[in-house]
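Chemist: Spelled out, the chains give:
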Amino acid sequence: MPTKILSVDDSRTIRLIVGKAFRPYDVQMFEGSNGEEGLAAAAREKPDLIILDVTMPIMDGVTMLGKLKENPELKAIPVIMLTAESGRDNVLQIAKIGVRDYLVKPFKEDQLIEKAGRIVTLQKKPAV
Amino acid sequence: MSDATNYQDLARKYGFAPKLESASRLTQLVARQDSDVDEIVRVINKDPVLRDRLLRVANPDAENPAEYSVETVEDALMRNGVGCAMVLAMGTPLALALIKTFQTMLSLKLEFVDRSLTEPLENEHLLGTIGFSGRVVGAVYLRMNLSYARAVAAGILGLSPEDMKDTSEILDVAGELLNIMTGNFKSNLCDAGLDCKLQPPDMKLSTDSYSPVTPGGAMEHMAFRTQKIQVFVDVTANPWHDD
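Line by line, the protein sequences are chains A and B.
For the first sequence, position 22 matches number 156 in my numbering, and the numbering has no gaps at all.
For the second sequence, position 104 matches number 1455 in my numbering, and the numbering has no gaps at all.
The following block holds chain A by itself, in its conformation from the complex:
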């Protein structure tokens, strides 16, 4: 069974980069472009890991994180915040709600893989 990862970011560019980073691994990717879409995808797919942006239209990442943690079926899904904003209040608020890790943009794909690999199993796809 592939590891399921949900990437929630309003930037198509970031979703592409995240998808590219996990391409060598046995991972099934899902996407959302705002918190509402992210919550719906989380409820539908029950991913093993969510990679979540902070600033998004319609519903931001902090609100989505709060709603995830309020939902008994979704609250155990680990979340990595992936954002350019590392201001003190933001980080403290997010840490209080509960995240497994935090990655500040810009990031190297290796850093994302390393942080994700500490939380879920990332198995390399066999060479074709």
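Hints are computed from structural coordinates only; laboratory data are not their basis.
Treat the hints with care, as some may be off.
Unchecked claim - In silico DMTMM-like pairs for lysine to aspartate or glutamate, Cα to Cα no more than 20 Å straight-line:
| no. | chain 1 | residue 1 | chain 2 | residue 2 |
| --- | --- | --- | --- | --- |
| 1 | B | K1451 | A | E243 |
| 2 | B | K1548 | A | D223 |
| 3 | A | K230 | B | D1360 |
| 4 | A | K258 | A | E243 |
| 5 | B | K1364 | A | D223 |
Claimed, not checked - Derived list of chain B stretches under chain A, where covered just means 3 residues or more per stretch with a C-beta under 8 Å from a C-beta of chain A:
| no. | segment |
| --- | --- |
| 6 | 1358-1365 |
| 7 | 1452-1461 |
| 8 | 1506-1514 |
| 9 | 1525-1536 |
Beta carbons are placed, not taken as given, at the ideal position from N, Cα and C, and that holds for glycine.
We have chain A already, so just place chain B on it with the hints.
Modeler: Relative to chain A, chain B alone:
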């Protein structure tokens, strides 16, 4: 445990890069309307890069330092106001984020250069704008020739420039570049008590190379280049805007 200590613990746990002390200190000082100008002068004089940049901002028409009419940090602040120092403090995290993004995502070493050493922009070029408002108002403008923006977008997405035929894709990648830069500098402002909100980036092709200055504020023009790419960033702000 205090929030500040907690933040330091979290920053270590998450592996955040340390913040640049002089820029953070300068932002905190300028954020206070009753701040001590002598202290601001001391902080800027201690950092040769900040000092050079302030003098450049204070002498907007000079082609090089030999033409400066304002030659000291004290004079620059007296003549142009402390808002000048705020623009510097804001420009530092922007510049660092841009340089780090190029290094991290493209393995390119982008250098901060004097604008007089760069080639002029093509008539039609990429323009990205992000406005911000709150306890400080202003805007950040990002400009690049389209051919450079295409190369940057292709590099970030792991494609060849020939694959980047769709201009909207190039604008989207450049918009994220602008988001990353401004997200980093917003953190610096908020940490200094200048809470503000960023507007979504407005990305387009433009033939207008004029960046409007925020009323009552100051403007810094910054230029960066590698051997093959030039990037221009303008930042304007008024730190004491009344909502």
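Chemist: Now, for every hint given, state plainly whether the structure supports it.
Modeler: Now for the hints, and whether the structure bears them out:
1. B/K1451 with A/E243: holds, 14 Å
2. B/K1548 with A/D223: holds, 14 Å
3. A/K230 with B/D1360: holds, 13 Å
4. A/K258 with A/E243: Holds, at about 15 Å.
5. B/K1364 with A/D223: holds, 16 Å
6. 1358-1365: It holds: at least three residues are needed, and the segment 1358-1365 of chain B offers 4 whose Cβ sits within less than 8 Å of chain A.
7. 1452-1461: holds (count 3)
8. 1506-1514: With 3 residues closer than 8 Å to chain A, the segment 1506-1514 of chain B meets the three-residue bar; holds.
9. 1525-1536: holds (count 8)
When each numbered hint is compared with the structure, no violation occurs for any of them.
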